[in-house]
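Visitor: Here are the chains, one letter per residue:
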Amino acid sequence: MSALYILIIASLFVAIGFLGAFIWSVRKGHFDDDYTPSIRILLDDTDTKP
Amino acid sequence: MKPGENNILEKEIHEKHTCYHCGEECKDDVIQFDEHEFCCDGCSVVYDLLKENNLCRYYTIDGAQGLSPDESYFPGKYDYLDLPEVADKLLEFTDGKLSRINWLVPKMHCSSCIWLLEQLNRLNPAIRSSVVNFPEKKVRITYDSQQIKLSELATLITRIGYEPYISLNDVEGKQIKKWNRTRLYKIGISGFAFGNIMMLSFPEYFHLGESRSDENLGYLFSVLNLVLSLPVFFYCAADFFKSAWSALKGKYLNIDAPIALALLCVFLTSLYQIISQTGPGYFDSLAGAVFFMLIGRYFQDKTYAGISFDRDYKSYFPVAVTVIKNGIENRVPITELQPGEQMLVRNQELIPADAVLLSPRALIDYSFVSGESEPVERKKGDTIYAGGKQTGLSVELEVLRRVSQSYLTQLWNNDTFSREKENQDQTLAARINKFFSMIVLGIAVITFLTWFFILKNPETAFNAFTTCLLVACPCALLLSSTFTNGNLLSLFGKHRFYPKNAHAIERLSKIDTVVFDKTGTITQINDAEVEFIGETLTVEELIMIKTLASQSSHPLSRMLVKELDHVNTSKRILTAFVESEGLGMRALWGKVEVKLGSAKWVQSANLLEKSDNASHVYVSIDATIRGYFTLKSKYRPELNDTVSRLQNSGFDTYLLSGDKPTDKQLLTPVFGAESNLLFEQKPEEKLRFIKHLQLHDHKNVLMIGDGLNDAGALRQSDVGLAVSDDINNFSPACDAIIEGNQLVRLPAFISLAKSGQSIIKLSFGISLFYNILGLTFAVSGKLSPVIAAILMPVSSITIVLFTTVASNLAAKKWLKS
Numbered sequence: 004m005s006a007l008y009i010l011i012i013a014s015l016f017v018a019i020g021f022l023g024a025f026i027w028s029v030r031k032g033h034f035d036d037d038y039t040p041s042i043r044i045l046l047d048d049t050d051t052k053p
Numbered sequence: 020m021k022p023g024e025n026n027i028l029e030k031e032i033h034e035k036h037t038c039y040h041c042g043e044e045c046k047d048d049v050i051q052f053d054e055h056e057f058c059c060d061g062c063s064v065v066y067d068l069l070k071e072n073n074l075c076r077y078y079t080i081d082g083a084q085g086l087s088p089d090e091s092y093f094p095g096k097y098d099y100l101d102l103p104e105v106a107d108k109l110l111e112f113t114d115g116k117l118s119r120i121n122w123l124v125p126k127m128h129c130s131s132c133i134w135l136l137e138q139l140n141r142l143n144p145a146i147r148s149s150v151v152n153f154p155e156k157k158v159r160i161t162y163d164s165q166q167i168k169l170s171e172l173a174t175l176i177t178r179i180g181y182e183p184y185i186s187l188n189d190v191e192g193k194q195i196k197k198w199n200r201t202r203l204y205k206i207g208i209s210g211f212a213f214g215n216i217m218m219l220s221f222p223e224y225f226h227l228g229e230s231r232s233d234e235n236l237g238y239l240f241s242v243l244n245l246v247l248s249l250p251v252f253f254y255c256a257a258d259f260f261k262s263a264w265s266a267l268k269g270k271y272l273n274i275d276a277p278i279a280l281a282l283l284c285v286f287l288t289s290l291y292q293i294i295s296q297t298g299p300g301y302f303d304s305l306a307g308a309v310f311f312m313l314i315g316r317y318f319q320d321k322t323y324a325g326i327s328f329d330r331d332y333k334s335y336f337p338v339a340v341t342v343i344k345n346g347i348e349n350r351v352p353i354t355e356l357q358p359g360e361q362m363l364v365r366n367q368e369l370i371p372a373d374a375v376l377l378s379p380r381a382l383i384d385y386s387f388v389s390g391e392s393e394p395v396e397r398k399k400g401d402t403i404y405a406g407g408k409q410t411g412l413s414v415e416l417e418v419l420r421r422v423s424q425s426y427l428t429q430l431w432n433n434d435t436f437s438r439e440k441e442n443q444d445q446t447l448a449a450r451i452n453k454f455f456s457m458i459v460l461g462i463a464v465i466t467f468l469t470w471f472f473i474l475k476n477p478e479t480a481f482n483a484f485t486t487c488l489l490v491a492c493p494c495a496l497l498l499s500s501t502f503t504n505g506n507l508l509s510l511f512g513k514h515r516f517y518p519k520n521a522h523a524i525e526r527l528s529k530i531d532t533v534v535f536d537k538t539g540t541i542t543q544i545n546d547a548e549v550e551f552i553g554e555t556l557t558v559e560e561l562i563m564i565k566t567l568a569s570q571s572s573h574p575l576s577r578m579l580v581k582e583l584d585h586v587n588t589s590k591r592i593l594t595a596f597v598e599s600e601g602l603g604m605r606a607l608w609g610k611v612e613v614k615l616g617s618a619k620w621v622q623s624a625n626l627l628e629k630s631d632n633a634s635h636v637y638v639s640i641d642a643t644i645r646g647y648f649t650l651k652s653k654y655r656p657e658l659n660d661t662v663s664r665l666q667n668s669g670f671d672t673y674l675l676s677g678d679k680p681t682d683k684q685l686l687t688p689v690f691g692a693e694s695n696l697l698f699e700q701k702p703e704e705k706l707r708f709i710k711h712l713q714l715h716d717h718k719n720v721l722m723i724g725d726g727l728n729d730a731g732a733l734r735q736s737d738v739g740l741a742v743s744d745d746i747n748n749f750s751p752a753c754d755a756i757i758e759g760n761q762l763v764r765l766p767a768f769i770s771l772a773k774s775g776q777s778i779i780k781l782s783f784g785i786s787l788f789y790n791i792l793g794l795t796f797a798v799s800g801k802l803s804p805v806i807a808a809i810l811m812p813v814s815s816i817t818i819v820l821f822t823t824v825a826s827n828l829a830a831k832k833w834l835k836s
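Chains as they are written, first to last, in this note's numbering: chain S, 4 to 53; chain R, 20 to 836.
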């Protein structure tokens, strides 16, 4: 049963990691605009100036 | 159009030319440039600019979707942006070298726009990057402020057709941050805590853990649950406590008060159970309740980015105006405009302050302020009130009063504008909640007293009391209204009807009186029914008339030009052009004299000026009168249908117009009685009329308007609905915005709002069922955490499902075309 102590702690850290990733992405503004990036990805990279 | 004219037109075969840049049909001269056709110089200039910078991909993304550059642009228009006090307010960031600005560009509309606006650095290397936020219609530009001035940047994007919208509000620095990231943090954290607490509580649900080592493990789990619930209780749920506290301080109960009480009780009981090791606590239910409620609020408060509902006069006013001092023109922010200064107002510019006219003559279009559809003529020395638009040549004016003290801005000092319409107490959920909370609190208290004094079991008494509050927590009630209204908001949005928030939907469901404005609301601006009466005109004569009419900026001339858009204008130059304001104009076409204007102007002796509802434009060619055009304001085609549907559904309908009663006879049958039609109403009178309906007749009034002249009435009414043919255009402060062609659906929208209220009531019934079930457990002191943990999410999920399905079905029923 003592293995559970380690497993629980480990699983919590994994979960906290994902929460951290979520908070990071909100802070970086990934959720500010949920429309434009979907269009932007369809526009090809532009050819450079001749 | 008369059949005779069509026959003539058929003889000439018109080749259709479409503009390579904007995709519109070329109506006048076709400009050939670089093997492409363009409708105007503006379009070809933009094309040239794009081609020079190798940006022609623009045309291959979404086809010809370009924009003609703003015609009202003139050199120096954006000079005021270089004033440090203006730039400071507008810039998001600057360190003297790099600067960043976030501009609203209402004209962006397609993926080509996104592409072009993100390629600005290729037009000018001083621009480091530009990023578009399409839903908000904003472009964030980072640029080197040592190489390009802010005014040059504005000029650059205006030149490619994307004029930035800069209003006085931006300059005064009152910016409302719409997007609130804190909410997402809270949802994320409570969701994380909810999931983990659930997982750690599982052994408890299945009564695992009877042995000694399991007991230790169980204790660890409880402590972890406590730790996980701390951020939920202190951070995620903070808004509920804050709102409940401020309500209590104001000595009333809002919907958050019982929620806060329940959360507090559950938290304290669970804390006690864990410290005293008497039980596992109810942290799972606590975190779950907070998580679901936050999601509900998020749904309901999701706003339409890019649409603004809170505009006042400041949004319409220009930021700067040209001031002439010692013969030198200077752009000055209008807030610094002093009485006695001389300003220059160009064609289509708004007059920002009350002023005296110095130029000999001005033609002022007050349609936006008063609803009058025809411009009024003012002579030298007349006082001109703020809000009018000059049409025609530039005029000089002397400022009488500062902008903030002008006649128009006085309207905003009315009490109506400081009154808050959104009152938490007035919502359906809040009213039901009042009874509900009383009953639950009563049951909890009785249960407590029974256990404590009659059954002499203090521990169960406390437990039963808190679990009563927990299961009967009005969060289900909150969920039913937030999810129903949230879903309705997006359903309305799909049909281009945009209520401001859930409160507006609820008020809409109670409407019993509908008041319409005339100009711009039920009529279509700059559109008229034109008919020619007289001898049939030849194509050449039509060309003459159109060419002459296109010289003038008078609204009647414009309508005429629009009506004759199938006719080409000629490059032949008219000579001896004379325009007499208020009368007409004349010019020589070769050697033939062409006259357009009033009966007096064409010297019609036998044709008297007609005095019916329409405006007349007489045509005289070579000194013979050929006939006249009648121009009638054109009503929205769906007007009759909409009003009669509303009347059949039992609504009272009124018309409230600032215009002259010219169309009274025409509109009386539509609105029923003549007493329902009010003309020549000033903005304050409109406001007073609505107030009278509300206070004297106890009506719930829906006001439909479009201009600043309706602003007071829109604000006073229970629901102020602004009509706009382009929702990204600017409409006055209101509770909802509707696209002009959707007005016919108004009765359906009101019905759907009503259905929404029934759905909330029904889902409240469902949650009542769960509550009674939970309360029977709680009262008997047998509500184990596992029952609470099952009841909580199940009731939440049923309610979310029910409201979503039911509101979608209701939308299908009412909005099926």
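Bear in mind the hints are in silico, worked out from the structure with no lab data behind them. Cβ atoms here follow ideal geometry from the backbone N, Cα and C, with glycine treated the same way. Heads up, a few of these hints could be off.
[Stated by the list, open to error] Heads up, simulated DSS-like pairs for lysine-lysine below, C-alpha to C-alpha not over 25 Å straight-line:
no., chain 1, residue 1, chain 2, residue 2
1, R, 679, S, 31
2, R, 710, R, 683
3, R, 108, R, 168
4, S, 31, R, 108
5, R, 156, R, 168
6, R, 610, R, 651
7, R, 168, S, 31
[To be verified] Between beta-carbon pairs, the in silico distance windows are:
no., chain 1, residue 1, chain 2, residue 2, range
8, R, 108, S, 21, 52 to 62 Å
9, R, 509, S, 13, 37 to 47 Å
10, S, 13, R, 81, 42 to 52 Å
[Unchecked claim] To spell it out: a stretch of chain S is covered by chain R in this simulated footprint if at least three of its residues, at any positions, have a beta carbon under 8 Å from a beta carbon of chain R; those stretches are:
no., region
11, 20 to 32
12, 36 to 44
Visitor: Hints first: check each against the structure and report whether it holds.
Guide: Here is how each hint holds up against the structure:
Proximity of residue 679(R) to residue 31(S) is assessed by CA-CA distance (about 56 Å); at most 25 Å being required, the pair is judged violated. Pair hint residue 710(R) plus residue 683(R) holds up; C-alpha atoms about 24 Å apart against a cutoff of 25 Å. This hinted pair checks out: residue 108(R) and residue 168(R) have alpha carbons roughly 15 Å apart, not beyond 25 Å. Straight-line distance between C-alpha atoms of residue 31(S) and residue 108(R) comes to about 24 Å, which keeps the hinted pair within the 25 Å bound.
Under the criterion of a C-alpha separation no larger than 25 Å, the hint pairing residue 156(R) with residue 168(R) is consistent with the structure, at around 23 Å. A hinted pair counts as satisfied when its Cα atoms are at most 25 Å apart, and residue 610(R) with residue 651(R) does not qualify at roughly 33 Å. With a C-alpha separation of about 29 Å, the suggested pairing of residue 168(R) with residue 31(S) is violated against the 25 Å cut-off. In this structure, residue 108(R) and residue 21(S) break the distance hint of 52 to 62 Å, their C-beta atoms being roughly 40 Å apart.
The hinted range of 37 to 47 Å is satisfied by residue 509(R) and residue 13(S), whose Cβ atoms lie roughly 41 Å apart. The hint said 42 to 52 Å for the Cβ distance between residue 13(S) and residue 81(R), and at roughly 51 Å that hint holds. Counting residues of the region 20 to 32 of chain S whose C-beta lies closer than 8 Å to any C-beta of chain R gives 6; at least three are required, and the coverage claim holds. Counting residues of the region 36 to 44 of chain S whose beta-carbon sits less than 8 Å from any beta-carbon of chain R gives 6, enough to reach three: the coverage restraint holds.
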